[in-house]
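Q: Here the protein sequences come in this chain order: A and B.
So for the first sequence, this note's numbering puts the first residue at 1; every next one is plus one.
So for the second sequence, this note's numbering puts the first residue at 113; every next one is plus one.
In short, the hints are calculated from the structure, not lab data.
In this text the structure is predicted, and so the values were computed from the model without any measurement.
Hints may contain errors.
Distance ranges between label pairs, derived from CB positions [as the list claims (entries may be wrong)]:
(1) B:Thr-216 / A:Asp-67: 17 to 23 Å
(2) A:Glu-17 / B:Asp-130: 32 to 38 Å
(3) A:Val-20 / B:Gln-192: 43 to 49 Å
(4) A:Gln-109 / B:Ala-114: 37 to 43 Å
(5) B:Glu-132 / A:Gln-104: 25 to 31 Å
(6) A:Ser-46 / B:Gly-184: 20 to 26 Å
(7) B:Asp-130 / A:Asp-27: 32 to 38 Å
(8) A:Pro-14 / B:Ser-119: 37 to 43 Å
(9) B:Asp-130 / A:Asn-22: 37 to 43 Å
(10) B:Asp-130 / A:Asn-18: 37 to 43 Å
(11) A:Asn-22 / B:Arg-134: 17 to 23 Å
List of simulated lysine-lysine pairs, DSS-like, C-alpha gap at most 25 Å [said to hold, decoys possible]:
(12) A:Lys-1 / B:Lys-169
(13) B:Lys-123 / B:Lys-169
(14) B:Lys-169 / B:Lys-129
(15) A:Lys-111 / A:Lys-1
(16) B:Lys-123 / A:Lys-42
(17) A:Lys-1 / A:Lys-68
C-beta: ideal position from N, C-alpha, C; glycine also.
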Amino acid sequence: KQEVTQIPAALSVPEGENLVLNCSFTDSAIYNLQWFRQDPGKGLTSLLLIQSSQREQTSGRLNASLDKSSGRSTLYIAASQPGDSATYLCAAISSNTGKLIFGQGTTLQVKP
Amino acid sequence: GAGVSQSPSNKVTEKGKDVELRCDPISGHTALYWYRQSLGQGLEFLIYFQGNSAPDKSGLPSDRFSAERTGGSVSTLTIQRTQQEDSAVYLCASSPGLLSRPDTQYFGPGTRLTVL
Numbered sequence: 001k002q003e004v005t006q007i008p009a010a011l012s013v014p015e016g017e018n019l020v021l022n023c024s025f026t027d028s029a030i031y032n033l034q035w036f037r038q039d040p041g042k043g044l045t046s047l048l049l050i051q052s053s054q055r056e057q058t059s060g061r062l063n064a065s066l067d068k069s070s071g072r073s074t075l076y077i078a079a080s081q082p083g084d085s086a087t088y089l090c091a092a093i094s095s096n097t098g099k100l101i102f103g104q105g106t107t108l109q110v111k112p
Numbered sequence: 113g114a115g116v117s118q119s120p121s122n123k124v125t126e127k128g129k130d131v132e133l134r135c136d137p138i139s140g141h142t143a144l145y146w147y148r149q150s151l152g153q154g155l156e157f158l159i160y161f162q163g164n165s166a167p168d169k170s171g172l173p174s175d176r177f178s179a180e181r182t183g184g185s186v187s188t189l190t191i192q193r194t195q196q197e198d199s200a201v202y203l204c205a206s207s208p209g210l211l212s213r214p215d216t217q218y219f220g221p222g223t224r225l226t227v228l
């Protein structure tokens, strides 16, 4: 059974700092891994999706990496801004149906 | 274009009542998912529809939960005889479903259900 863990649960950084959010999964047989952002009281916004054959994906200041052999993914945020404050969720897909198995999330606060 | 929409945005009900939650996926998306987000359990998969195939119901927590998808588009999640532990945000997502592998899922804003 796939389990996804995110560390840390919460993170507070000053504006401008580069930061890394960690995600680990127990079953390396994944189809892909997806990172989401969730703002308070809102739904989920997809940030990046990494296919199992890929090692990383980039979008603007965001870079996500995937290491299947070690069961890890990281989300790197460069030059953080107060608007980046949100909860970041990673989710692994281990089934061809595409159902997502989510971590508990990392709540990020970027202070001006 | 329009994203995934869900209604109602908030629902307050009394214990024992039935509720229906609606999801309108992105037009043309053949895959549709329901998830539940609660304080104690995080985000959990409930059910998955893909085209005309039999749905994957493996995440439904009890037989009080059911879902249908009519005409391959709109989906309704029904919870019968609601219990307080059903209180959560119910999220719907859709995906193009055109690839042979899972693709990006796009989420709606959710329905916040409170069972008194």
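Q: Taking the beta carbons of Pro-14 of chain A and Ser-119 of chain B, is their distance inside 37 to 43 Å?
A: 40 Å, holds
Q: For Asn-22 of chain A and Arg-134 of chain B, compare the CB-CB distance with the range 17 to 23 Å and indicate the outcome.
A: 36 Å Cβ-Cβ, so the 17 to 23 Å window is violated.
Q: Are the Cα atoms of Lys-169 of chain B and Lys-129 of chain B separated by 25 Å or less?
A: Distance ~22 Å between Lys-169 of chain B and Lys-129 of chain B Cα, so the pair holds.
Q: Hinted pair, alpha-carbon criterion (25 Å max): Lys-1 of chain A, Lys-68 of chain A. Please report holds or violated.
A: Within the cut-off at roughly 16 Å; holds.
Q: Cβ-Cβ distance between Val-20 of chain A and Gln-192 of chain B: within 43 to 49 Å?
A: 45 Å, holds
Q: Confirm or reject the claim that Ser-46 of chain A and Gly-184 of chain B have a C-beta distance inside 20 to 26 Å.
A: Holds - the Cβ-Cβ distance for Ser-46 of chain A and Gly-184 of chain B, about 22 Å, lies within 20 to 26 Å.
Q: Could you see if the CB distance from Thr-216 of chain B to Asp-67 of chain A stays within 17 to 23 Å?
A: Given a distance of about 21 Å, which is inside 17 to 23 Å, the answer is holds.
Q: Holds or violated: 32 to 38 Å for the Cβ distance of Glu-17 of chain A and Asp-130 of chain B?
A: 49 Å, violated
Q: Has the hinted range 32 to 38 Å been met by the Cβ atoms of Asp-130 of chain B and Asp-27 of chain A?
A: 37 Å, holds
Q: Using the beta carbons of Asp-130 of chain B and Asn-18 of chain A, state whether their distance is inside 37 to 43 Å or not.
A: The hint (37 to 43 Å, Cβ to Cβ) is violated, given that Asp-130 of chain B and Asn-18 of chain A are roughly 50 Å apart.
Q: Taking the Cβ atom of Gln-109 of chain A and the Cβ atom of Ala-114 of chain B, is their distance within the range 37 to 43 Å?
A: Distance hint for Gln-109 of chain A, Ala-114 of chain B is violated at roughly 32 Å.
Q: Lys-111 of chain A and Lys-1 of chain A were given as a pair; does the straight-line alpha-carbon distance stay at or below 25 Å?
A: 38 Å, violated
In summary, the structure is inconsistent with hints 2, 4, 10, 11 and 15 from the numbered list given earlier, while agreeing with the others.
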